[in-house]
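Residue 48 is where the sequence shown starts when you use this note's numbering, and the numbers rise one by one after that.
If you're looking for bench data, these hints aren't it; they were derived computationally from the structure. It is possible that part of the hints are untrue.
[To be verified] DEER-style ranges, computed between Cβ atoms:
hint: 1; residue 1: ARG267; residue 2: ARG100; range: 42 to 50 angstroms
hint: 2; residue 1: ASP293; residue 2: ALA252; range: 17 to 25 angstroms
hint: 3; residue 1: ASP221; residue 2: THR154; range: 18 to 26 angstroms
hint: 4; residue 1: LYS319; residue 2: PRO285; range: 24 to 32 angstroms
hint: 5; residue 1: LEU318; residue 2: SER277; range: 32 to 40 angstroms
hint: 6; residue 1: THR154; residue 2: ARG267; range: 34 to 42 angstroms
hint: 7; residue 1: GLU312; residue 2: ARG212; range: 34 to 42 angstroms
hint: 8; residue 1: ARG245; residue 2: ARG267; range: 33 to 41 angstroms
hint: 9; residue 1: ALA265; residue 2: GLY307; range: 13 to 21 angstroms
hint: 10; residue 1: ILE202; residue 2: ASP166; range: 16 to 24 angstroms
[Said to hold, decoys possible] In the SDA-like style, the derived pairs of lysine to any residue whose C-alpha atoms are separated by at most 25 angstroms in a straight line are:
hint: 11; residue 1: LYS319; residue 2: SER111
hint: 12; residue 1: LYS93; residue 2: ARG176
hint: 13; residue 1: LYS269; residue 2: PRO89
hint: 14; residue 1: LYS188; residue 2: ALA99
hint: 15; residue 1: LYS279; residue 2: ASP266
hint: 16; residue 1: LYS93; residue 2: GLU199
hint: 17; residue 1: LYS297; residue 2: PRO285
hint: 18; residue 1: LYS93; residue 2: LYS319
hint: 19; residue 1: LYS319; residue 2: HIS137
hint: 20; residue 1: LYS188; residue 2: PRO139
hint: 21; residue 1: LYS93; residue 2: SER135
hint: 22; residue 1: LYS240; residue 2: MET156
hint: 23; residue 1: LYS269; residue 2: SER94
hint: 24; residue 1: LYS93; residue 2: ASP76
hint: 25; residue 1: LYS93; residue 2: THR154
hint: 26; residue 1: LYS240; residue 2: ILE220
hint: 27; residue 1: LYS93; residue 2: SER153
hint: 28; residue 1: LYS319; residue 2: ARG176
hint: 29; residue 1: LYS93; residue 2: MET156
hint: 30; residue 1: LYS240; residue 2: GLY307
hint: 31; residue 1: LYS279; residue 2: LEU73
hint: 32; residue 1: LYS319; residue 2: PRO89
hint: 33; residue 1: LYS188; residue 2: ALA225
hint: 34; residue 1: LYS159; residue 2: PRO195
hint: 35; residue 1: LYS159; residue 2: HIS250
hint: 36; residue 1: LYS297; residue 2: GLU149
hint: 37; residue 1: LYS269; residue 2: SER157
hint: 38; residue 1: LYS93; residue 2: LEU73
hint: 39; residue 1: LYS240; residue 2: HIS250
hint: 40; residue 1: LYS188; residue 2: PRO89
All values reported here derive from a predicted model rather than from experimental measurement. Ideal Cβ placement from N, Cα and C applies to all residues, glycine included.
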Amino acid sequence: MSRRPIIGVFDSGFGGLTVLRELVALIPDADYFYFGDTVRLPYGSKSADTVARYAVGATNYLESHGAEMLVVACNTATALALPQICASAHVPVIGVVEPGAESAASTTMSRKVSVIATDATVSSHAYFRALQARGIEAREKACPLLVPLVEEGWIDHPVTEQVARIYLQEAFIDGFEAADVLLLGCTHYPLLKPLLRRVAPAHVAIVDSAESTARVVADRLKTYPFPAPSAKERRTAPSLRFFATDSVEKFRRLGAMFLGHAVEEVQHVDLKE
48 MSRRPIIGVF
58 DSGFGGLTVL
68 RELVALIPDA
78 DYFYFGDTVR
88 LPYGSKSADT
98 VARYAVGATN
108 YLESHGAEML
118 VVACNTATAL
128 ALPQICASAH
138 VPVIGVVEPG
148 AESAASTTMS
158 RKVSVIATDA
168 TVSSHAYFRA
178 LQARGIEARE
188 KACPLLVPLV
198 EEGWIDHPVT
208 EQVARIYLQE
218 AFIDGFEAAD
228 VLLLGCTHYP
238 LLKPLLRRVA
248 PAHVAIVDSA
258 ESTARVVADR
268 LKTYPFPAPS
278 AKERRTAPSL
288 RFFATDSVEK
298 FRRLGAMFLG
308 HAVEEVQHVD
318 LKE
């Protein structure tokens, strides 16, 4: 029986919608469930045990509703809780750190990569370890102001450009002038790519972990025996269902900015502790 595979995407909030956007563009023959744990964000201020508990609960919810593959689109959850998520799941699980690191490692010629991310992701050193394992020297730079600026809608604002310029100046100094890759270690940052391209050194390539993750998911789908979609299903746009633990109205409003089009059918979910 032909049928489209169902991919569940999890994030602590809205940023993971940039991963969903790349997935839909690259894998239109699947359907998608997106879970945003918006009532408990940000995860960066929580302990690793708490992040693991929240993430496992959310991903189990997606699996119980029919997800046949799980994408952990949250950098913090991937960095702090991916082993626990994988251990609790009964379907394939893909995080965003390893795909981003692999893409950066294959792009750099100087063997030096600068990573920008949130404080929590930088503190975990997940990207540093992933790049180091590939023989790449990495510098991690926390950019705590970028997420609120993006969520304010200031994607091309002069203030955002000045803030980004300061952060990148710090990311490419003191022995890292030769770094030739900027790895975006936060799912909010793809919205800033045009701005970051303007302020990053001209020789630096920008690697987006959202794009990298979508490519890994596409490759992984080929290795699992999901039924092939019928010709009619391939001509049909993917079905997108959204679950949020906080305001449905806010999710629709902010979600449209991250996804690039209107967000429909958002269901409020109350996950019990």
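Hints and how they fare:
Evaluation of the 42 to 50 angstroms hint for ARG267 and ARG100 yields a failure: the beta carbon distance comes to about 26 angstroms. Distance hint for ASP293 and ALA252: a CB-CB separation of about 36 angstroms, inconsistent with the stated range 17 to 25 angstroms. The supplied range of 18 to 26 angstroms is met by ASP221 and THR154, whose beta-carbon atoms lie about 22 angstroms from each other. Taking 24 to 32 angstroms as the suggested C-beta distance range, the pair LYS319 and PRO285 conforms, at roughly 30 angstroms.
At about 35 angstroms, the CB distance of LEU318 to SER277 agrees with the hint of 32 to 40 angstroms. Distance hint for THR154 and ARG267: a CB-CB separation of about 21 angstroms, inconsistent with the stated range 34 to 42 angstroms. About 39 angstroms separates the C-beta atoms of GLU312 and ARG212, a value consistent with the hinted range of 34 to 42 angstroms. Taking 33 to 41 angstroms as the suggested C-beta distance range, the pair ARG245 and ARG267 conforms, at roughly 34 angstroms.
Under the hint 13 to 21 angstroms, the C-beta atoms of ALA265 and GLY307, about 19 angstroms apart, fit the expected range. Roughly 21 angstroms separates the CB atoms of ILE202 and ASP166, a value that falls within the hinted 16 to 24 angstroms. Between LYS319 and SER111 the alpha-carbon distance is near 15 angstroms, which keeps this suggested pair within the 25 angstroms criterion. Between LYS93 and ARG176 the alpha-carbon distance is near 21 angstroms, which keeps this suggested pair within the 25 angstroms criterion.
With a C-alpha separation of about 34 angstroms, the suggested pairing of LYS269 with PRO89 is violated against the 25 angstroms cut-off. Straight-line distance between C-alpha atoms of LYS188 and ALA99 comes to about 24 angstroms, which keeps the hinted pair within the 25 angstroms bound. A distance of roughly 23 angstroms separates the Cα atoms of LYS279 and ASP266; the hinted pair therefore holds under the 25 angstroms criterion. The straight-line distance between the Cα atoms of LYS93 and GLU199 is roughly 23 angstroms, inside the 25 angstroms bound, and the hint therefore holds.
For the proposed pair LYS297 and PRO285, the alpha carbon gap of about 23 angstroms is at most 25 angstroms, so the pair holds. Note on LYS93 and LYS319: the hinted pairing holds, with a Cα-Cα distance of about 17 angstroms set against a maximum of 25 angstroms. As the CA atoms of LYS319 and HIS137 are separated by approximately 21 angstroms, the hinted pair is consistent with the 25 angstroms bound. Distance restraint check for LYS188 and PRO139: the Cα-Cα separation of roughly 31 angstroms exceeds the 25 angstroms cut-off, and the hinted pair is therefore not satisfied.
Simply put, LYS93 and SER135 have alpha-carbon atoms about 20 angstroms apart, close enough for the 25 angstroms limit, and the pair holds. For the proposed pair LYS240 and MET156, the alpha carbon gap of about 21 angstroms is at most 25 angstroms, so the pair holds. With a C-alpha separation of about 36 angstroms, the suggested pair LYS269 and SER94 falls outside the 25 angstroms cut-off, and the hint is violated. Only pairs whose Cα atoms come within 25 angstroms are accepted, and LYS93 paired with ASP76 is rejected, the gap being roughly 36 angstroms.
For a cut-off of 25 angstroms, the pair hint linking LYS93 to THR154 is broken: about 33 angstroms separates their Cα positions. Restraint check for LYS240 and ILE220: satisfied, since their Cα atoms lie roughly 21 angstroms apart, inside the 25 angstroms limit. With a C-alpha separation of about 33 angstroms, the suggested pairing of LYS93 with SER153 is violated against the 25 angstroms cut-off. About 34 angstroms separates the Cα atoms of LYS319 and ARG176, which puts this hinted pair outside 25 angstroms; it is violated.
Of the supplied pair hints, the one linking LYS93 and MET156 is violated, its CA atoms being roughly 37 angstroms apart against a limit of 25 angstroms. Between LYS240 and GLY307 the CA atoms are separated by roughly 14 angstroms; this keeps the pair inside 25 angstroms, and the hint holds. With a CA separation close to 18 angstroms, the supplied pair LYS279 and LEU73 stays within the 25 angstroms bound. Note on LYS319 and PRO89: the hinted pairing holds, with a Cα-Cα distance of about 18 angstroms set against a maximum of 25 angstroms.
This hinted pair checks out: LYS188 and ALA225 have alpha carbons roughly 16 angstroms apart, not beyond 25 angstroms. For the proposed pair LYS159 and PRO195, the alpha carbon gap of about 28 angstroms is over 25 angstroms, so the pair is violated. A threshold of 25 angstroms between alpha carbons decides the hint, and for LYS159 with HIS250 the separation of about 12 angstroms falls inside it, so the pair holds. A threshold of 25 angstroms between alpha carbons decides the hint, and for LYS297 with GLU149 the separation of about 34 angstroms lies outside it, so the pair is violated.
Taking the CA atoms of LYS269 and SER157, the gap is near 33 angstroms; set against the 25 angstroms cutoff, the hint is violated. Between the alpha carbons of LYS93 and LEU73 the distance comes to roughly 33 angstroms, so the proposed pair goes past 25 angstroms and is violated. A C-alpha spacing of about 15 angstroms is found between LYS240 and HIS250, which places the hinted pair at or below 25 angstroms, so the restraint holds. Of the pairs offered as hints, the one joining LYS188 and PRO89 holds, with about 19 angstroms between alpha carbons and a cut-off of 25 angstroms not exceeded.
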